[in-house]
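**Student:** What follows is each chain in one-letter form.
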Amino acid sequence: MKFLARVEVGHQAGILDPQGATVQRALPALGYENVSEVKIGKSIRLVIEANSESDAREQIEKMCEHLLTNPVIETYEISLVELTGDAAENSAGE
Amino acid sequence: MARRVAVVVFPGTNCELDVARAISSLGAHPESVFHLEDSLGSAEAVIIPGGFAHGDYLRTGALAQFSPIMESVSAFAAAGGPVLGICNGFQILTETGLLPGALQKNAGLKFLCASVGLSVASNRSVLTRTTTVGDQLQIPINHFEGNYICDRETLAQMKANDQIVLRYTDNPNGSLDDIAGVSNEAGNVVGLMPHPERASAEILGSVDGLVLLESFLAPL
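If you read the sequences in order, they're chains V and B. For the first sequence, our numbering gives the first residue as 72, with consecutive numbering after it. For the second sequence, our numbering gives the first residue as 709, with consecutive numbering after it.
Chain V on its own, in the form it takes in the complex (with noise of 0.2 Å):
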């Protein structure tokens, strides 16, 4: 089975975005006095091969710990699609 995997990379609580913070302070010379907490994470795609789904989730999860963030100061969120038919042939999932 393949998968298309989306890691969402965010920050720690109590750990500083600038970008964020600088975004945030921009938006309103946009006129957009209504946004409050802004912040810039990091997105990691890639497509997996597994025997199922919860071995994929399994695997990325180490990949996590141990390359694709730091758990001292980032957090990550993995979101998994099955890709079938054309999109697995092709890998490219979108």
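Keep in mind the hints are simulated off the structure, nothing from the lab. For clarity, every value in this text was computed on a predicted model and none was experimentally measured. Check each hint, because a few of them may be wrong.
Stated by the list, open to error - Below, in silico cross-link-like pairs of lysine-lysine (DSS-like), each with a Cα-Cα straight-line distance of 27 Å or less: (1) V:LYS113 with B:LYS867; (2) V:LYS110 with V:LYS73; (3) V:LYS133 with V:LYS73; (4) V:LYS133 with V:LYS110; (5) B:LYS818 with V:LYS110; (6) V:LYS133 with V:LYS113.
To be verified - Quick list of simulated restraints, FRET-style, between CB atoms: (7) B:ALA894 with V:GLY91: 37 to 47 Å; (8) V:GLN130 with B:GLU861: 45 to 55 Å; (9) V:ARG116 with B:GLN844: 42 to 52 Å; (10) B:ASP878 with V:GLU153: 51 to 61 Å; (11) V:GLU104 with B:GLY913: 38 to 48 Å; (12) B:ARG712 with V:GLU160: 35 to 45 Å; (13) B:GLN844 with V:GLU104: 43 to 53 Å; (14) B:THR862 with V:GLU79: 37 to 47 Å; (15) V:SER150 with B:THR862: 27 to 37 Å; (16) B:GLU893 with V:GLN130: 25 to 35 Å; (17) B:ALA864 with V:ALA97: 34 to 44 Å.
Stated by the list, open to error - Listed next, the stretches of chain V that the computed footprint assigns to chain B, with coverage defined by at least 3 CB atoms under 8 Å from CB atoms of chain B: (18) 89-96; (19) 152-160.
Beta carbons: idealized from backbone N, C-alpha and C, even for Gly.
Please arrange chain B on chain V, whose structure you already have, making use of the hints.
**Tutor:** Just chain B now, with coordinates in the frame of chain V:
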């Protein structure tokens, strides 16, 4: 002193010549070791200099842990050999798991390049064993991600084990507990954000970095 010192060079490392020059001035013999090599040879000490190893891709220091040489560095550290990480070298040592905590972006959200005051917090480490706790040093910093952070439990452990090596006298970057440098539990692996090699000659404005490098190079 005629110690052979491995100076580890990754693609993107840029302080290796400054480090080599500074330790040469103290009588040591620096040997540049490229990250693709898997042996430290007969080195008696290891320095990971500053720069942008692997372009700081993904996170500062994150990819260096997979360079072949790091296995030897980890084994060398585990055997009690002296290992020093400066700036990006400190980031590499935390990402590799040889030192606790992590370095996040500076609290002021600015890249900092300035001379800062430091106070020796522990002289149990290989970097400070010839100093006295409370000694004041003036050494430059040059970083964006130098804001030290760890969880509360780790901080308590580090305090209990006397692993906080250097503190800023006037915290420039928001580091937890003013931490500028830490060691592992044994004290033989040390990382710090300031650059001792940039305070190694009168013409540079300070020679305080030599105090630390001399301690690091002194016979065990």
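**Student:** Hint by hint, say whether it matches the structure.
**Tutor:** Cross-check of the supplied hints:
As the CA atoms of V:LYS113 and B:LYS867 are separated by approximately 33 Å, the hinted pair breaks the 27 Å bound. This hinted pair does not check out: V:LYS110 and V:LYS73 have alpha carbons roughly 31 Å apart, beyond 27 Å. Simply put, V:LYS133 and V:LYS73 have alpha-carbon atoms about 18 Å apart, close enough for the 27 Å limit, and the pair holds. Between the alpha carbons of V:LYS133 and V:LYS110 the distance comes to roughly 25 Å, so the proposed pair stays at or under 27 Å and holds.
A hinted pair counts as satisfied when its Cα atoms are at most 27 Å apart, and B:LYS818 with V:LYS110 qualifies at roughly 18 Å. Straight-line distance between C-alpha atoms of V:LYS133 and V:LYS113 comes to about 18 Å, which keeps the hinted pair within the 27 Å bound. Between B:ALA894 and V:GLY91 the C-beta distance comes to about 38 Å, which sits within the given range of 37 to 47 Å. Between V:GLN130 and B:GLU861 the beta carbon distance is about 28 Å. The supplied range of 45 to 55 Å is therefore violated.
With their beta carbons about 50 Å apart, V:ARG116 and B:GLN844 fall inside the hinted range of 42 to 52 Å. The beta-carbon spacing between B:ASP878 and V:GLU153, approximately 55 Å, falls within the hinted interval of 51 to 61 Å. The beta-carbon spacing between V:GLU104 and B:GLY913, approximately 46 Å, falls within the hinted interval of 38 to 48 Å. Taking the beta carbon of each, B:ARG712 and V:GLU160 are about 56 Å apart, not inside 35 to 45 Å as hinted.
Evaluation of the 43 to 53 Å hint for B:GLN844 and V:GLU104 yields a pass: the beta carbon distance comes to about 47 Å. Between B:THR862 and V:GLU79 the C-beta distance comes to about 25 Å, which lies outside the given range of 37 to 47 Å. Checked against the hint of 27 to 37 Å, the pair V:SER150 and B:THR862 passes, with Cβ atoms roughly 30 Å apart. The supplied range of 25 to 35 Å is met by B:GLU893 and V:GLN130, whose beta-carbon atoms lie about 32 Å from each other.
The hinted range of 34 to 44 Å is satisfied by B:ALA864 and V:ALA97, whose Cβ atoms lie roughly 39 Å apart. Counting residues of the segment 89-96 of chain V whose CB lies closer than 8 Å to any CB of chain B gives 3, so the stated coverage by that chain holds, three being the minimum. Judged by the Cβ-Cβ criterion of 8 Å, the segment 152-160 of chain V is not covered by chain B as claimed, because only 0 of its residues qualify and three are needed.
Hint check: violations occur at hints 1, 2, 8, 12, 14, 19; the rest are consistent with the structure.
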